[in-house]
Amino acid sequence: MNCNDLADRLTTVVDGGATEEDEAAVAQHVATCDDCRQTLHAQTTARTVLRARSAQLAVTAPPGLRTRLVASARAERPEPKGVLSWRWSLSAFAAAAMLVLTLGAVLLPVVTERSTVVLAAQLALDHLKCFVIDGDASGSPISKAEAEAIVQRDRGWSANVPASTDGLELMAVRYCLYGDGLAAHVLYRADGQPVSLFIIPGLTRPATELSVLGHDEVVWSHGGRTYMLVSAAGTKAGLARVAWYLQNEAR
Amino acid sequence: MFSGRRTASGPAANEDEFSAATLEFLDALYGAALRLTRNADRAQDLVQDTYLKAIRARGRFATGTNLKAWLYTILHNTWRNCLRESARSRVSFDSAVVEEAAEGARLATSGQVDSPETQLMQATLDADLQQALDTLPESFREVVWLRDVDELSYQEIAAVLEVPIGTVMSRLSRGRKQLFVLLTAQRERPRGRLNGE
Numbered sequence: 001m002n003c004n005d006l007a008d009r010l011t012t013v014v015d016g017g018a019t020e021e022d023e024a025a026v027a028q029h030v031a032t033c034d035d036c037r038q039t040l041h042a043q044t045t046a047r048t049v050l051r052a053r054s055a056q057l058a059v060t061a062p063p064g065l066r067t068r069l070v071a072s073a074r075a076e077r078p079e080p081k082g083v084l085s086w087r088w089s090l091s092a093f094a095a096a097a098m099l100v101l102t103l104g105a106v107l108l109p110v111v112t113e114r115s116t117v118v119l120a121a122q123l124a125l126d127h128l129k130c131f132v133i134d135g136d137a138s139g140s141p142i143s144k145a146e147a148e149a150i151v152q153r154d155r156g157w158s159a160n161v162p163a164s165t166d167g168l169e170l171m172a173v174r175y176c177l178y179g180d181g182l183a184a185h186v187l188y189r190a191d192g193q194p195v196s197l198f199i200i201p202g203l204t205r206p207a208t209e210l211s212v213l214g215h216d217e218v219v220w221s222h223g224g225r226t227y228m229l230v231s232a233a234g235t236k237a238g239l240a241r242v243a244w245y246l247q248n249e250a251r
Numbered sequence: 001m002f003s004g005r006r007t008a009s010g011p012a013a014n015e016d017e018f019s020a021a022t023l024e025f026l027d028a029l030y031g032a033a034l035r036l037t038r039n040a041d042r043a044q045d046l047v048q049d050t051y052l053k054a055i056r057a058r059g060r061f062a063t064g065t066n067l068k069a070w071l072y073t074i075l076h077n078t079w080r081n082c083l084r085e086s087a088r089s090r091v092s093f094d095s096a097v098v099e100e101a102a103e104g105a106r107l108a109t110s111g112q113v114d115s116p117e118t119q120l121m122q123a124t125l126d127a128d129l130q131q132a133l134d135t136l137p138e139s140f141r142e143v144v145w146l147r148d149v150d151e152l153s154y155q156e157i158a159a160v161l162e163v164p165i166g167t168v169m170s171r172l173s174r175g176r177k178q179l180f181v182l183l184t185a186q187r188e189r190p191r192g193r194l195n196g197e
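Protein chains in written order, with the working numbering: chain B, 1 to 251; chain P, 1 to 197.
FYI, nobody ran anything at the bench for these hints, they're computed from the structure. Beta carbons are placed, not taken as given, at the ideal position from N, Cα and C, and that holds for glycine. Take these hints with a grain of salt, some might be off.
Sample of chain B residues at the chain P side, in silico, Cβ under 7 Å [as the list claims (entries may be wrong)]: (1) 11; (2) 50; (3) 61; (4) 72; (5) 73; (6) 150; (7) 153.
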């Protein structure tokens with residue numbers, strides 16, 4: 001048998017992956033071939049030594065490398081879906097603020113189509129401020145009882161705040177900008193997307209859906225209160241499902 | 001009510017799990033990077049590049065296959081690209097000349113063929129073994145290391161190094177033979193050499 005033909009089979013014998021047939025062929029050949037016998041011996045010895053010493057050969061990564069890696073990966077993570085980029089949110093915030101200032105104060109009880117749009121714009125502003133600028137959606141969810149206790153404590157009136165459900169997380173209760181003193185701002189995350197529910201007591205608005213300032217809103221009234229659901233445009237299908245859930249729960 | 005749509009927040013958790021699995025091999029990756037770069041700082045950079053690429057490409061890792069081998073593949077790829085891009089000229093250990101020289105290395109085994117390998121194993125100091133490994137041409141050292149220390153299969157090694165399986169086997173054979181020669185030569189040398197002479 002030719003030594004070259006046997007070389008690979010000899011290596012597989014050393015590595016323990018040879019067939020019985022190959023084992024026999026190699027054994028038969030090295031019995032009469034000094035070179036190949038030496039090769040078999042050298043390979044076997046080298047492999048045995050390395051395997052026996054692999055633990056001693058191992059190096060330990062320097063302290064701090066692990067932390068460095070984790071930090072570098074975190075720095076690379078994209079913004080969570082649905083949370084607008086800072087740049088965009090700030091310019092949108094400025095535009096919205098400008099619009100509200102231009103239109104001036106609106107007396108909420110005056111029910112006109114125009115006043116609903118202005119109110120919707122103001123709430124879109126509050127939604128942006130709390131979620132994107134103040135980062136209120138970044139914590140962990142709170143319970144229905146906690147949320148209702150906050151409304152009771154800070155507003156002095158009770159509200160039925162719909163709890164978290166599958167795909168919808170109750171995050172916080174806030175009072176922002178224009179809504180302060182009037183509306184309770186309940187922050188949810190629907191499949192990771194920020195969604196705001198504003199509960200405005202003493203006000204009844206006709207049910208409607210509208211888009212304003214890059215936001216989709218669903219408006220409905222119940223029990224002398226107006227509910228306005230706000231989320232970034234482009235999530236209409238998801239928003240309708242959230243609205244359906246909240247309309248049933250918030251009664 | 002929104003069941004099935006929760007994947008929106010899924011990738012983050014998935015990334016954490018993948019990251020943890022990858023970090024299990026941090027020491028191995030660093031060791032491989034050190035062997036390739038021969039420089040602690042560059043080794044850390046290489047591990048970081050490898051880690052970030054792995055995280056980004058985690059969707060392409062086939063569950064159930066060898067994660068360590070997959071990570072090594074990224075690491076070696078990154079290093080090859082790094083060498084290609086760097087302007088500095090470098091002595092190629094992979095040249096045919098070196099391979100031929102290794103092939104031609106005489107096996108200093110006459111009369112020793114039947115002596116048990118355990119003798120050599122016991123007589124070999126860790127430092128000597130490390131030195132012998134360092135002396136091996138890089139292409140041989142990597143194959144031998146990936147097979148005998150990391151226990152990768154021929155196929156996995158071929159993927160890591162981007163060479164045919166036949167090349168893996170021939171380098172493995174030559175690398176082991178050369179390592180054996182180096183270890184045997186060390187053993188025959190007088191012990192005082194660590195003191196300078």
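Outcome of the hint check:
About 5 Å separates the beta-carbon of residue 11 of chain B from the nearest beta-carbon of chain P, less than 7 Å, and the hint is met. At about 4 Å, the closest approach between the beta carbon of residue 50 of chain B and any beta carbon in chain P falls short of 7 Å, and the interface hint on this residue holds. The criterion of a C-beta within 7 Å of any C-beta in chain P is met by residue 61 of chain B, whose closest approach is roughly 4 Å, and the hint holds. Restraint check, residue 72 of chain B versus chain P: the minimum CB separation of about 6 Å is within 7 Å; hint holds.
At a threshold of 7 Å, the smallest CB-CB gap from residue 73 of chain B to chain P is about 5 Å, leaving the interface hint in force. Below 7 Å, beta-carbon pairs count as interface contacts, and residue 150 of chain B has none with chain P, the closest being about 24 Å; its hint is therefore violated. Here the hint on residue 153 of chain B is broken, as its CB sits about 30 Å from the closest CB of chain P, past 7 Å.
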